[in-house]
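Engineer: Spelled out, the chains give:
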Amino acid sequence: MTNIHDERHFELTVNGERRQVVDGYPGESLLTVLRDRLGLTGAKGACEEGECGSCSVLLDGNLVCSCLVLAASATQSSVVTIEGLGGSTDVQTAFVECGAIQCGFCTPGLIMAATNLLERSTEPQTDEIREALAGNLCRCTGYGRIVEAVQTVVVQRSQGAS
Amino acid sequence: MCVPVAHPQSIEQLTALLRDEPKTVLLAGGTDLMVALNHGSQRIGPDELVVSLKEVPELSIIEVDHVQRLLRIGAGVNWDELLGAPVDTLAPCLTQAARTVGSHQIRTAGTIGGNIATASPAGDGVCALVALGAVAVLTSPEGQRRVAVEDVATGPKRSVLANDEFIESIEMPIVDGWQGYSKIGTRNAMVISVAGVAVVLSADSNSCRIALGSVGPTVMLADNASTFAGDSIDWTNKEISADSLERISELVRQVASPIDDHRSTATYRSHSVGVLARRLIERGLQEMRNSI
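These protein sequences, in sequence, are chains C and W. Start counting the first sequence at 1; every next residue gets the next number (my numbering). Start counting the second sequence at 1; every next residue gets the next number (my numbering).
Don't read these hints as lab results, they were simulated from the structure. Where a beta carbon is used, it is the ideal one built from N, C-alpha and C, also for glycine. Warning: the hint list may mix true and false statements.
[Said to hold, decoys possible] These stretches of chain W come out as covered by chain C in the derived footprint (C-beta under 8 Å, 3 or more residues): (1) 19-33; (2) 106-112.
[What the hints assert, rightly or not] Quick list of the computed label-pair ranges, beta carbon to beta carbon: (3) ALA148(W) <-> GLU128(C): 34 to 40 Å; (4) ARG18(C) <-> ARG19(W): 31 to 37 Å; (5) ALA85(W) <-> GLU128(C): 17 to 23 Å; (6) GLY40(W) <-> GLY61(C): 52 to 58 Å; (7) ARG18(C) <-> PRO46(W): 23 to 29 Å; (8) SER41(W) <-> GLN151(C): 37 to 43 Å; (9) GLY160(C) <-> ILE292(W): 37 to 43 Å; (10) GLN156(C) <-> ALA266(W): 48 to 54 Å; (11) GLN151(C) <-> ARG19(W): 51 to 57 Å.
Please model the complete structure; the sequences and the hints are all you need to start from.
Structural biologist: Here you go:
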């Protein structure tokens, strides 16, 4: 039987919780629903065309731009946003300690991308890190310290920290 | 007002929906549709049903038919899945094209079927598929038909797909020889191609197929250049003369009919595809010589 969901009233699983979405509009993106309806403003909205990566979230463990996900199509998926990471993962701590943040706008997306990379690859080389973060634009740092933060986590984890 | 999203669970259910619903909008990876919706250049009307293709298992297949030497890829397979086995060894130019698409975020969302259906002349995957001689399997309530990938798009954002029709899979021969995809963009990542070329050198049939992207209203097969290349390559020694390479460049430039736009100029695009085709063939022959 084909499942047909009402796009105005549906449920999403976000950070492990079932969340009700009411009064959605046709074609509404996951980003808009997260920010404007569920109050999860960690994912940022900028280009809304998948160029900047500031809205990156995990959808069933895959890194996606939430602006490119039709919210009502994600009812069967598990969404994890920056809020779902807590606030003191090793990736987050490394970003702070390496000075990989300035204005902070791109940071949630970059943290999600870095977290996802380190799940896929335990010892990424610099090129692999840069390729994995290519979809997350940062206009402040010049990326050097961001790459350094990811490398720091790689070293920490290889030394047994988690 | 109820604005539903349908999640068909099989090809049968999908086909039934397309037969019964008067107005449908197909949603694959969303990397084109959602941009249009976010920017307001497209809207979902109150009488339109969004049909998500994600839960149709038949669209996610990657099958290898060793007897017929055929690779069959479901239309819903995403770029990230094209980066790995078995596509990376059986259709390496498609893997190379996949790696140039967007970012990791885009590659986990965008699909090969969507790349064909969206009918952009800059489609990286389409260019590789055309060089491979791939065929799109189109399904509708009336049945199935097979269309060469280069014939699916009829112009920018226009295709032969009927309203009740979808791309089910793409079939391509497993070619013994060499293949490669090269692309020029304004930077090294996250870029729509200014010019793209895919070349497949078949040692099975001593023939060559050269496909060109971003130099016309659709991705095109450079027929004359392909035939000339196939005829002028010394297939025994895997060599070609400098004059023949120059002639291939010239034939490629002749068939290109690019436009000036915000990404590049027509002159630069024509020049680029000529250079890329020549370099790919040189590189391919060299690698074939090295592996003898």
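Engineer: Given that the region 19-33 of chain W was listed as covered by chain C, double-check it with a C-beta distance under 8 Å for 3 or more residues.
Structural biologist: That given contact holds, which follows from 5 residues of the region 19-33 of chain W lying within Cβ reach (below 8 Å) of chain C.
Engineer: Between ALA85(W) and GLU128(C), is the Cβ distance one that fits in 17 to 23 Å?
Structural biologist: 18 Å, holds
Engineer: Taking the beta carbons of SER41(W) and GLN151(C), is their distance inside 37 to 43 Å?
Structural biologist: 41 Å, holds
Engineer: Falls inside 34 to 40 Å, the C-beta gap from ALA148(W) to GLU128(C)?
Structural biologist: 36 Å, holds
Engineer: Are at least 3 residues of the region 106-112 of chain W within less than 8 Å of chain C when you compare beta carbons?
Structural biologist: holds (count 3)
Engineer: CB of ARG18(C) to CB of ARG19(W), is that within 31 to 37 Å?
Structural biologist: Hint holds: Cβ distance 34 Å, inside 31 to 37 Å.
Engineer: Regarding GLN156(C) and ALA266(W), is the given constraint of 48 to 54 Å on their beta-carbon distance met?
Structural biologist: The hint (48 to 54 Å, Cβ to Cβ) holds, given that GLN156(C) and ALA266(W) are roughly 52 Å apart.
Engineer: Is the hinted range of 52 to 58 Å satisfied by the C-beta distance from GLY40(W) to GLY61(C)?
Structural biologist: Taking Cβ atoms as reference, GLY40(W) and GLY61(C) lie about 31 Å apart, which means the hint is violated.
Engineer: Is it true that GLN151(C) and ARG19(W) lie within 51 to 57 Å of each other by Cβ?
Structural biologist: 55 Å, holds
Engineer: Using the beta carbons of GLY160(C) and ILE292(W), state whether their distance is inside 37 to 43 Å or not.
Structural biologist: 48 Å, violated
Engineer: State, for the Cβ atoms of ARG18(C) and PRO46(W), whether the hinted interval 23 to 29 Å holds or is violated.
Structural biologist: 28 Å, holds
Of the numbered hints stated above, those contradicted by the structure are hints 6 and 9, listed in ascending order.
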